[in-house]
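Engineer: Let the hints inform the model, and build the full structure from the sequences given.
These protein sequence lines are chains X and F, in that order.
The numbering used here applies: residue 385 is where the first sequence begins, and numbers increase by one.
The numbering used here applies: residue 18 is where the second sequence begins, and numbers increase by one.
Hints are computed from structural coordinates only; laboratory data are not their basis.
A few of these clues could be false.
Derived lysine to any residue pairs resembling SDA-like cross-links, with alpha carbons at most 20 Å apart [said to hold, decoys possible]:
{"id": "1", "chain 1": "F", "residue 1": "K31", "chain 2": "X", "residue 2": "P544"}
{"id": "2", "chain 1": "X", "residue 1": "K537", "chain 2": "F", "residue 2": "E38"}
{"id": "3", "chain 1": "X", "residue 1": "K388", "chain 2": "X", "residue 2": "T404"}
{"id": "4", "chain 1": "F", "residue 1": "K65", "chain 2": "F", "residue 2": "D28"}
{"id": "5", "chain 1": "F", "residue 1": "K58", "chain 2": "X", "residue 2": "S550"}
{"id": "6", "chain 1": "F", "residue 1": "K90", "chain 2": "X", "residue 2": "S550"}
{"id": "7", "chain 1": "X", "residue 1": "K616", "chain 2": "X", "residue 2": "G629"}
{"id": "8", "chain 1": "X", "residue 1": "K656", "chain 2": "F", "residue 2": "N39"}
{"id": "9", "chain 1": "F", "residue 1": "K90", "chain 2": "X", "residue 2": "K864"}
{"id": "10", "chain 1": "X", "residue 1": "K864", "chain 2": "X", "residue 2": "S733"}
{"id": "11", "chain 1": "X", "residue 1": "K738", "chain 2": "F", "residue 2": "S79"}
{"id": "12", "chain 1": "X", "residue 1": "K812", "chain 2": "X", "residue 2": "Q860"}
{"id": "13", "chain 1": "X", "residue 1": "K738", "chain 2": "X", "residue 2": "V872"}
{"id": "14", "chain 1": "F", "residue 1": "K90", "chain 2": "F", "residue 2": "L20"}
{"id": "15", "chain 1": "F", "residue 1": "K71", "chain 2": "X", "residue 2": "R409"}
{"id": "16", "chain 1": "F", "residue 1": "K31", "chain 2": "F", "residue 2": "E97"}
{"id": "17", "chain 1": "X", "residue 1": "K608", "chain 2": "F", "residue 2": "S79"}
{"id": "18", "chain 1": "X", "residue 1": "K656", "chain 2": "F", "residue 2": "K59"}
{"id": "19", "chain 1": "X", "residue 1": "K537", "chain 2": "X", "residue 2": "N396"}
{"id": "20", "chain 1": "F", "residue 1": "K91", "chain 2": "X", "residue 2": "R606"}
{"id": "21", "chain 1": "F", "residue 1": "K71", "chain 2": "X", "residue 2": "L605"}
{"id": "22", "chain 1": "X", "residue 1": "K656", "chain 2": "F", "residue 2": "N41"}
{"id": "23", "chain 1": "F", "residue 1": "K91", "chain 2": "X", "residue 2": "V657"}
{"id": "24", "chain 1": "X", "residue 1": "K782", "chain 2": "X", "residue 2": "L701"}
{"id": "25", "chain 1": "X", "residue 1": "K537", "chain 2": "F", "residue 2": "N39"}
{"id": "26", "chain 1": "F", "residue 1": "K91", "chain 2": "X", "residue 2": "L605"}
{"id": "27", "chain 1": "X", "residue 1": "K473", "chain 2": "X", "residue 2": "V492"}
{"id": "28", "chain 1": "X", "residue 1": "K738", "chain 2": "X", "residue 2": "S561"}
{"id": "29", "chain 1": "F", "residue 1": "K71", "chain 2": "X", "residue 2": "K864"}
{"id": "30", "chain 1": "X", "residue 1": "K656", "chain 2": "F", "residue 2": "K94"}
{"id": "31", "chain 1": "X", "residue 1": "K817", "chain 2": "X", "residue 2": "E736"}
{"id": "32", "chain 1": "F", "residue 1": "K71", "chain 2": "X", "residue 2": "G629"}
{"id": "33", "chain 1": "X", "residue 1": "K635", "chain 2": "F", "residue 2": "N41"}
{"id": "34", "chain 1": "F", "residue 1": "K31", "chain 2": "F", "residue 2": "R88"}
{"id": "35", "chain 1": "X", "residue 1": "K600", "chain 2": "X", "residue 2": "S550"}
{"id": "36", "chain 1": "F", "residue 1": "K94", "chain 2": "F", "residue 2": "F35"}
{"id": "37", "chain 1": "F", "residue 1": "K31", "chain 2": "X", "residue 2": "L701"}
{"id": "38", "chain 1": "F", "residue 1": "K90", "chain 2": "X", "residue 2": "S700"}
{"id": "39", "chain 1": "X", "residue 1": "K738", "chain 2": "X", "residue 2": "E675"}
{"id": "40", "chain 1": "F", "residue 1": "K31", "chain 2": "F", "residue 2": "K59"}
Spelled out, the chains give:
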Amino acid sequence: MLDKHEEKIYENELFKKLSTNVSLREYESIISKQFGKPIWWMLHRVDKNLPITLDDIEQRCEIVSGSYKDEASCLIDLSEAFHRAKKTKKLEYFKCPAGLYGFCYPVVQGRKIYGYIAMCHAGQEIPRVFIDMFTKFIDALVREMQKELQLSKLYETIRPRAIALSTVHTIHRLLTSTLDLDELLPRMARLSLQIVRAHRCSIKLVDKSQRTLLPKVTVDLRKKSVKLKKVKVGMYAPGKAFKNGKVILGKNYMAIPLVDKDVIGVITLYDKVDDSPFNHFDQEIMSTLSEQAVIAINNALLYKDQERMTEGTIKSLAALLDIQAPGRLTPRAPFIKIVLETGKRIRMSQDELKSLEYAYLLHDVGKAILPASVLSKSEKLTGKEYKLIREHPLRGAKIIKPLKALRICAPMILHQRERFDGKGYPDKLKGRKIPLGARIISVVSAFEAMIAKGTYRARKTVDSASEEIKKNSGSQFDPKVVEAFVKVINRRHIRSMLKKEEHGA
Amino acid sequence: MELSKLLKNPDYRKILRFFHENPNSIDTARGVATWTNIDKKKVTLILKKLSDHKLLIAHNVSSTTGYSYTRNKKNMKSIEGLLKG
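Structural biologist: Written as C-alpha cells, this is what we have:
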C-alpha cells in the first residue's frame with residue numbers, strides 16, 4: 385500500500401515513463417498517419433478540474449485557435465469526455481466543435497485512476513479495432529511499468545537495509561578477530577562512533593558485586609584524553625540502561641545494555657557529529673552491534689580464563705620440576721624476563737611472547753626423566769650420559785605436545801639445541817629454519833647455564849658470559865638474536881637483577 | 018593527488034558517492050564491490066588509496082579491513098561539492 389505522498393511520486397514516475405516510452409510514440413505515429421495528425425494529451429495530477437487551459441488549446445489546435453468561442457467549446461467537450469471517463473473508468477469518445485474526433489482513456493490500476501491519455505483532432509472516427517488495440521497496448525504498458533516501479537521501490541527499500549546488514553557483518557568480523565579484551569573494547573567503541581557518527585563512546589562493564597559499572601574504555605574523538613568514570617547501577621543513563629536492560633535514549637545520548645543471560649555492561653554514545661538527536665536507526669543498529677559485542681566480550685573473557693588456567697598448569701608443572709631438581713630444571717625469573725624482552729626487541733607479537741614464555745619455563749622438562757646423578761654431575765659426562773642429555777629436547781617436546789594449549793611451544797623446545805650454522809641437534813636445522821623462539825631460548829638458556837646453573841662447567845660473570853655468547857654469534861647463535869639479547873642485558877634494571885644471580889642470590 | 022583529480026575517475030567517484038550517501042556504513046572491499054558493481058580488485062586498490070588520502074577510515078584487523086567514511090567535516094564538504102559538480 386502506498387501513502388498519499390508515495391502515490392504522487394508513483395504517478396509522476398508512471399507518466400514520466402509513459403511520455404518517454406518509445407513504443408507508445410511509435411503507436412501514436414501509426415495512428416497519426418491513418419487519421420491525420422491528431423493531438424495527444426497526457427493528463428495527470430487531475431483532481432476535479434482538467435489540467436488543460438485555453439492557452440494549451442490555442443497553442444496546439446490550429447483549427448479552433450484564435451476563436452475564443454471555439455476554444456472554450458473544445459475545452460468543454462474535452463472536459464466532459466474526461467468526466468465521463470473518470471466515472472466509467474473506460475474510454476470515452478467525443479467530437480469537437482470543428483467536427484473532429486477524439487477520445488479520453490483513463491490510466492487505471494485497481495480502483496485508482498492515475499491520469500488520462502486523450503486524443504483529439506482526428507479527421508474521422510477511430511474504428512473500434514484501433515481503439516481496442518490502443519487500450520490493450522496501454523494496459524500492458526502500464527502493467528509492465530507498474531512492475532518496474534514496484535521493483536525499483538523494493539530495491540530502494542531493501543538496499544539501505546542490505547547495506548546495514550553488510551555493515552553488521554563487517555563489524556562482526558572486525559570484533560571477532562581478537563580475543564584480547566584490551567584490544568576489543570577500544571575497537572568496539574571506535575566502530576560504534578563510526579556507525580552512529582557520534583563524538584564520544586564509553587563502554588562500562590559491571591563489577592562482581594553487580595552494583596557498579598566500571599569504565600573500561602572511553603573514546604572522545606574531540607579530546608586527546610578523557611577521564612574514566614564509575615557509575616552506580618540505576619544512576620545516569622548507563623546505570624539506568626543496565627538496571628532495566630533497555631536502551632535509554634536521550635537528546636544527545638544513547639545507552640545500550642550489553643545483554644547476555646544477564647546484563648554484563650553498557651555502551652553509551654554521546655553527541656552526534658551533525659548535532660541531530662539519536663534516532664530509531666541508531667538504536668536498531670547499535671542494538672545489533674551490542675549483540676555482536678556481547679559474544680565478542682564473552683569470548684575474550686573465556687579466552688582470558690583459559691589463558692589463566694594454562695598459565696596455572698604450566699606454573700604447577702614448573703613447580704613440580706623444581707621440587708625434583710631444585711634450580712636445575714626451571715629457569716630463574718630474571719632469565720624469563722630476558723627471554724621476553726629479547727622477543728619484544730625482535731618484534732614478536734603478544735601471543736608469540738606468551739608461547740615463548742611458556743616454552744622457556746618448560747624448555748628443560750625433558751631432563752626430568754634423567755637420573756639425578758646425571759643432572760647434578762659436575763665432572764665430565766660419559767658418552768652414554770651425554771647421549772641421554774642430547775635426547776632431552778626431543779623428550780621435552782613429546783611431553784608438551786599432548787597439551788593442546790602448549791602445542792605451539794613444542795617446536796621451540798624441540799629445536800632449542802640447534803645451532804645457527806646447522807651443526808646442532810636433533811635435526812641439524814640451519815639459520816632461519818630454526819624456529820625464532822628456539823633461537824632465543826638457545827641464547828638465553830646458554831647464558832643462564834653459564835651464570836646461574838653452572839652444571840657442566842664453572843660459573844661465569846655476566847660480562848664473560850655475554851662475551852662468550854657474542855663470540856659464538858653467527859656459528860652457534862643467530863646474530864640478530866644475539867644483538868637484541870646484548871641490548872637487553874645491558875639495560876640497567878636487567879643488570880641489577882643479573883648482579884644478584886652472579887652472587888648466587 | 019588532489020581530491021578533484023581523484024574524482025575524475027568514475028570508479029573513485031562511485032565508491033566515494035557510496036560512502037557519502039551511506040555515512041553509517043562500514044564495509045569490506047567485497048561489500049563495496051557489490052554495492053558499486055565495480056571489480057573487487059579495483060575496489061581494493063581504490064579503497065586503500067582513498068584511506069591514504071584520509072577520505073575513508075580503514076579499520077584493519079588480521080583477517081580483514083573494514084572501511085568507513087571520513088569524519089572530517091572539511092573533507093566531507095569538499096566531497097559533496099565535487100560529487101554535485
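Engineer: Each hint: holds or not?
Structural biologist: Evaluated hints:
1. F:K31 - X:P544: holds, 16 Å
2. X:K537 - F:E38: holds, 18 Å
3. X:K388 - X:T404: violated, 24 Å
4. F:K65 - F:D28: Holds: K65 of chain F and D28 of chain F sit about 13 Å apart, inside 20 Å.
5. F:K58 - X:S550: holds, 19 Å
6. F:K90 - X:S550: violated, 25 Å
7. X:K616 - X:G629: With a Cα-Cα distance of about 15 Å, the restraint between K616 of chain X and G629 of chain X holds, given a limit of 20 Å.
8. X:K656 - F:N39: Judged against 20 Å, a Cα distance of about 16 Å means the pair holds.
9. F:K90 - X:K864: violated, 47 Å
10. X:K864 - X:S733: holds, 17 Å
11. X:K738 - F:S79: At roughly 18 Å apart (the allowed maximum being 20 Å), S79 of chain F and K738 of chain X satisfy the hint.
12. X:K812 - X:Q860: With Cα atoms ~12 Å apart, K812 of chain X and Q860 of chain X stay inside 20 Å; holds.
13. X:K738 - X:V872: Answer holds: K738 of chain X to V872 of chain X is near 18 Å, not above 20 Å.
14. F:K90 - F:L20: holds, 15 Å
15. F:K71 - X:R409: violated, 50 Å
16. F:K31 - F:E97: Roughly 13 Å separates the two Cα atoms, so the pair holds.
17. X:K608 - F:S79: violated, 26 Å
18. X:K656 - F:K59: Between K656 of chain X and K59 of chain F the Cα gap is close to 33 Å, so the pair fails against 20 Å, i.e. violated.
19. X:K537 - X:N396: holds, 14 Å
20. F:K91 - X:R606: Distance of about 15 Å is within 20 Å: holds.
21. F:K71 - X:L605: At roughly 15 Å apart (the allowed maximum being 20 Å), L605 of chain X and K71 of chain F satisfy the hint.
22. X:K656 - F:N41: Since the Cα atoms of K656 of chain X and N41 of chain F sit roughly 12 Å apart, the hinted pair holds (cutoff 20 Å).
23. F:K91 - X:V657: holds, 13 Å
24. X:K782 - X:L701: holds, 15 Å
25. X:K537 - F:N39: Since the Cα atoms of K537 of chain X and N39 of chain F sit roughly 18 Å apart, the hinted pair holds (cutoff 20 Å).
26. F:K91 - X:L605: Since the Cα atoms of K91 of chain F and L605 of chain X sit roughly 16 Å apart, the hinted pair holds (cutoff 20 Å).
27. X:K473 - X:V492: holds, 7 Å
28. X:K738 - X:S561: Within the cut-off at roughly 18 Å; holds.
29. F:K71 - X:K864: violated, 37 Å
30. X:K656 - F:K94: Since the Cα atoms of K656 of chain X and K94 of chain F sit roughly 17 Å apart, the hinted pair holds (cutoff 20 Å).
31. X:K817 - X:E736: holds, 17 Å
32. F:K71 - X:G629: Since the Cα atoms of K71 of chain F and G629 of chain X sit roughly 38 Å apart, the hinted pair is violated (cutoff 20 Å).
33. X:K635 - F:N41: holds, 19 Å
34. F:K31 - F:R88: Distance of about 19 Å is within 20 Å: holds.
35. X:K600 - X:S550: violated, 28 Å
36. F:K94 - F:F35: At roughly 15 Å apart (the allowed maximum being 20 Å), F35 of chain F and K94 of chain F satisfy the hint.
37. F:K31 - X:L701: At roughly 60 Å apart (the allowed maximum being 20 Å), L701 of chain X and K31 of chain F break the hint.
38. F:K90 - X:S700: Outside the cut-off at roughly 57 Å; violated.
39. X:K738 - X:E675: Answer violated: K738 of chain X to E675 of chain X is near 30 Å, above 20 Å.
40. F:K31 - F:K59: holds, 12 Å
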